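Undergrad: Whenever a hint applies, use it, and build me the whole structure from the sequences.
In the order they appear, the protein sequences are chains P and A.
If you read the first sequence in the numbering used here, its first letter stands for residue 1, the second for the next number, and so on.
If you read the second sequence in the numbering used here, its first letter stands for residue 1, the second for the next number, and so on.
There may be inaccurate statements among the hints.
[What the hints assert, rightly or not] Only some residues are given here: those of chain P computed to face chain A with a beta carbon under 8 angstroms:
1) Leu14
2) Gln21
3) Ile22
4) Gln28
5) Arg42
6) Leu48
7) Phe52
8) Gly128
9) Ser134
10) Gln173
11) Leu175
12) Thr202
[Claimed, not checked] A few chain P residues that don't get close to chain A, going by computed Cβ distances all over 10 angstroms:
13) Val4
14) Thr63
15) Leu111
16) Met211
17) Ala245
18) Leu268
It should be emphasised that the hints constitute simulated quantities derived from the structure, not laboratory data.
Quick caveat, the model's predicted, so the values are computed rather than measured.
Glycine included, C-beta positions come from ideal geometry on N, C-alpha and C.
The residues making up each chain are set out below.
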Amino acid sequence: MESVLGRYRNLVILVGVLFLQILGLAVQVKRSNDTENTRLIRVWAVDLVTPFERVLIWAQDSTGNLWHNYVYLRGVRTENRQLKEQIEQLRLEQVRLNEDAVQAHRLQALLAFKEQYISRTVAAQVIGSSGSDSSRMLYIDKGENQGLKRDMAVITADGIVGKVLQVFPSVSQVLLINDQSSGVGTILEKSRLQGFLKGTATGEVVLEGVMSDEQVAPGERVLTSGGDQIFPKGLPVGTVTKVGAGKDLFLNIGIKPAVNLGKLEEVLVVTERQERQAQTADVGRVRAADILAQRLPSVPDKPATVATSPSTVPVGSVAAPKAVVPKPAPAGGEAIAKQPVKSSSGGVVAGSKPASAAATQSKPSTAPAVPDPAKVDAPKVDPATANSQDSPH
Amino acid sequence: MHPRWTQLQPTPKTVHTSVPITYTSGEQLEVYRFSLPVTVGVPLLALFLQAFLPRRFPGFAVYLDLPLLVTIYFAMARRNPISGLFTGAVIGLLQDMLGHNPIGIYGIAKTVVGYLASSLGVKLDVENAGARFLLTLGFYFIHSAVWFTVARGMVSLTQNWSWSRGLLAGLANAFLGVILYFFLDKFKQRA
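TA: So, in structure tokens, the structure goes:
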């Protein structure tokens, strides 16, 4: 026996080492939450590798900053001009979006919706990866010390990246959305079909759970649904690239992630979310017909009328859309307040204005000679009355 | 004792000669050892680069496996199966720890490769570039086969083998291996 062991010593040791590893593997597989059980061992490996990564990233960034801040200043003037133009464009866009947002808030408040806000994020730098094709994840330079916890959402300005898988004192593991073990609750932007996003073995991202009798078009945007309790609702996920027949009556939908997962440098970790009732500014009672009237185009006034520049509309006020030319109220608001029709209960009915506006205009002596544009823009004018009064014919 | 094993016994001191030594048969194989900083530092550096470089080059982790190349090199140079299998096991387990899959998949695969590489190193001349290229290519496929078997059979990871991608990765590793081995040859010392 001894001679046999001596002769096959190498083989015996090989079998022993393999057996131990297989045993360890079997124990991990049997336990469902294996990442917690092996946490301590993984800390060693992370502590062994990440300090080098931090130093290299720091050196890289320092060199990069030196170059960008002091050496590479050519074209700054041109870039500045382009950025100013872009700011102007964005301001115009902001006015339009503000209007939509105010309206959405008002409707949400009417329907008692609860809104979710990302109230706090922590910016983190990507310092490494798992280095393996089978484990698609990243290491970021923030951990427990910065308030990070497991299952926190990791995003960028472009869309979602993944979730925090393991948290160490100053480093965290982030599981990417294209990993096989990841799952994200999603909704298609136009068709409002819900499904869940999964990664594949080859690193692609697919949307599962959409029935094959549904219509999904390539190019449609995919957003988070909030159903997974990790990602806030409405964040960009990606775009549908291909739709094919899958198995078990489900569609096989390929998704191109909104974020380039292969070249991430900085990410945001959502550390705090708030859920609150939708609120809106008190603009008086506004009927749906009034809101609709605001959005419909009317006959433009003569140039002498007060033109409201979009950029001067205060944030949060109800501004008229560009297509609608607001009808200026004459001094004292007589034109509008000419025939105020009040219901028996004191509310405003068709052909009248909301209570706040009516109150202002019911005192001609105190009313300003030139009306405040913001007040003029408020949804107070009945379209039928306005058209009949302003129409030149 | 087999005459081959007597050849593998460490010599008391290294004799420097101006006559170039050529290894043309198994009877003249040299055994090498490495200093402690190289033994520890090179595998760690390989692991670090394997984790860091995909940040800049996303395809790096798909096609290249630096820890595998280091395992093969150390195993072949030392020509000691026990040393080879332990080198493979340690490097593989460390590689497992950096990912989120159960620890042991890479450990098992690299243990097997370390053992085979050192066993083969005893029998073959592994000093020239052509042999190294072919051996690395072969060991890459053995490593992949063991890895896939364990990943699918034990851990139930859904992994698809692609021959085209596997062949490309094997060739890329073999090519990089030849260059890397040439560089690592500078650190080896005769045992």
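Undergrad: Each of the hints needs a verdict: does it hold here or not?
TA: For each hint, the structure was consulted:
no. : hint   : result
1   : Leu14  : holds (5 angstroms)
2   : Gln21  : holds (5 angstroms)
3   : Ile22  : holds (7 angstroms)
4   : Gln28  : holds (4 angstroms)
5   : Arg42  : holds (5 angstroms)
6   : Leu48  : holds (7 angstroms)
7   : Phe52  : holds (5 angstroms)
8   : Gly128 : holds (4 angstroms)
9   : Ser134 : holds (6 angstroms)
10  : Gln173 : holds (7 angstroms)
11  : Leu175 : holds (7 angstroms)
12  : Thr202 : holds (7 angstroms)
13  : Val4   : holds (16 angstroms)
14  : Thr63  : holds (14 angstroms)
15  : Leu111 : holds (41 angstroms)
16  : Met211 : holds (23 angstroms)
17  : Ala245 : holds (19 angstroms)
18  : Leu268 : holds (18 angstroms)
Consistency note: the structure conflicts with none of the earlier hints.
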